[in-house]
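Listed here are the chains, written in short residue letters.
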Amino acid sequence: MTPSAMWAVLIATSTLCFTIKLAGHSVPERWLANPRLQRINALVPISLLSALVVAQGLVVHTHVVFDHRLAGLGVALAALFARAPFPVVVVSAAVTSAVVYHLH
Amino acid sequence: MSKDTVRDSLSVALTVGAYGVAFGAASVAAGFSVVQTCLFSLLTFTGASQFAAVGVVASGGVAVSAIAAATMLGTRNALYAIQMAPLLRVKGLRRVAAAHLTIDESTGVALSQASRGTAAMRLGFWLTGSGVFLFWNIFTLLGALGAKALGDPASWGLDAAVPAAFLGLVWPRLENSFLRLAAASSMAFALVITPWLPAGLPIITTALVAVALGWRAR
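Taken in order, these protein sequences are the chains called A and B. When we follow our numbering, the leftmost residue of the first sequence carries the number -13, and every step to the right adds one. When we follow our numbering, the leftmost residue of the second sequence carries the number 11, and every step to the right adds one.
Hints in this document: simulated from the structure, not taken from any laboratory. Quick reminder that beta carbons are idealized off the backbone N, C-alpha and C, glycines included. Be aware that one or more of the hints could be misleading.
[Said to hold, decoys possible] Partner residues are not named here, just some residues of chain A that face chain B (Cβ under 7 Å, in silico):
| # | residue |
| --- | --- |
| 1 | M(-13) |
| 2 | V30 |
| 3 | V39 |
| 4 | A62 |
| 5 | A84 |
| 6 | L89 |
Chain B on its own, in the form it takes in the complex (with noise of 0.2 Å):
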């Protein structure tokens, strides 16, 4: 067992866990209760279609909607998961844990343990994903608890600290000028379609921007 493994991976851990207080937050000021914010966390455990839900339904939008933005957001875990099939060879329960635990993180780090060998990968995957749910659940009730103590969302800067916070996940995407040109014309395009369209559904329609940039190779 490589302690550099071990290292990367609990790392990884905690700070991404502790983004759970930001979703909290957020989903208690969206209008679910404590409970349903915990649950969004231990069954859905993959945030950024957990934001992009209590994000729809915040900005008023429909069920549907709410829901189709959180399940298009969750699609790059099935390539991820595409990915570490292969690697894992895992069957039955535990193949179901693999799944739940298949996101960005235990992603990232597997690949990133190659020059380690596959145990490395392995180890980096299960440690990472396993500790990313230990803490992202504990942050998202601490962020819950908290949102729901505060009071008025407007009064405490809450309503801002959400946009914040999906501006900060987007930020690491952006590593080359199509991607910034990609955002910068998504963000333009939501705003031009908003009045036009009820609320909610601009969310969803914006993925069309990526279909339009993705259809073509460069």
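For reference, chain A alone in the conformation it holds in the complex (with noise of 0.2 Å):
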């Protein structure tokens, strides 16, 4: 991505996320109390959070591999089983992961 682009990301992002907020703190409460909406905003957050995990640990481009970030995130998995908090759950992650690739 160049530069710019990047620059886009951060100014459109911090824009939007901004105005969503002071947009729902002017907004008549009505508005949003469609039960539908409701739903699927719960949703959303679970299902593009997942789609990160993909993204982040199984992706390189637009393949799906499978490499040494998969040790990292089955540590991850367990951590999380085990009721590890949040700092925990990444550093063993990324303590695997690392060990991993340096062994091949």
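Both chains are given apart, each in its own frame, so use the hints to dock them into the complex.
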């Protein structure tokens, strides 16, 4: 991505995310009271975050690739099942992935 | 001023603020400068959206995909704002400040103080919001500088830390089997469409899974 495109991402993301927050403080309550909209809105973060796990952990450009990152993700999953705190999840994934990366 | 509310707010602010390290590192690994990374946390100030924007950029997506993914993740803040506005009752500059501080944590702590009264709810919102803002930005800078010093992201496992952070963000939301099904089918959908779409686009396309599952009441 070009430097100007990266600035565009930063500026547009910041502007839009703030506008959404301010809009919520300014519109009448009934505007977003639609139950379908609320159901979908509650599911969107789960879908997008799940897709980001895949895109960052299992994909290189447009190919599905199983590499050292998968080992890290597996350990992260185990840590989450063991109710480990967030920093432990992230660091254990990083250490595992780095070790596997250097073994290959 | 309730001591319990202050304690709740500050413990959430410090814990959540510390996640900023992961964002700072992810943003630098995606190719953003340290200054851009810090501006993200100062100006966007909603973690999941920030992670999504740099995540799409890191996966090779175009700018529009990154902006769209971040914005879609930010829409939940509007629903929080609608709940917070009648509680805070602020106008002008204070409303702008309240809007900027409207995130998962400030809303969550405010709502959790309901049994302690309106004053405690307001205190919880402002203290948690400004506390997260302070710590999130400090830790973003530390994470960015740290990642800059480390160099090759794969060599330090940073390329696995980022998806692990996303997994850690989605995990506490999976409160019942329907939501776990939603996460699993979203991952499967993203995997299946990845070879067929330009980089970055599978992420926002996966929002269709949320639309399909949320269309009808269960």
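* Taking 7 Å as the limit, does the beta-carbon of A/A62 come near enough to a beta-carbon in chain B? -> Since the shortest Cβ distance to chain B is 4 Å, the answer is holds.
* Asked: Taking the closest Cβ pair, is A/A84 under 7 Å from chain B?
  -> Holds, because the Cβ-Cβ distance from A/A84 to chain B comes to roughly 3 Å (cut-off 7 Å).
* How about A/M(-13): closest beta carbon in chain B under 7 Å, or not? -> 6 Å, holds
* To do: With a cut-off of 7 Å on the beta carbons, see whether A/L89 makes it to chain B.
  => Given a least distance of 12 Å, the restraint on A/L89 is violated.
* Does the nearest C-beta of chain B fall within a distance shorter than 7 Å of the C-beta of A/V39? -> 5 Å, holds
* Is the hint on A/V30 kept, meaning its closest Cβ partner in chain B is under 7 Å away? -> 4 Å, holds
Of the hints listed earlier, the one the structure fails to meet is number 6.
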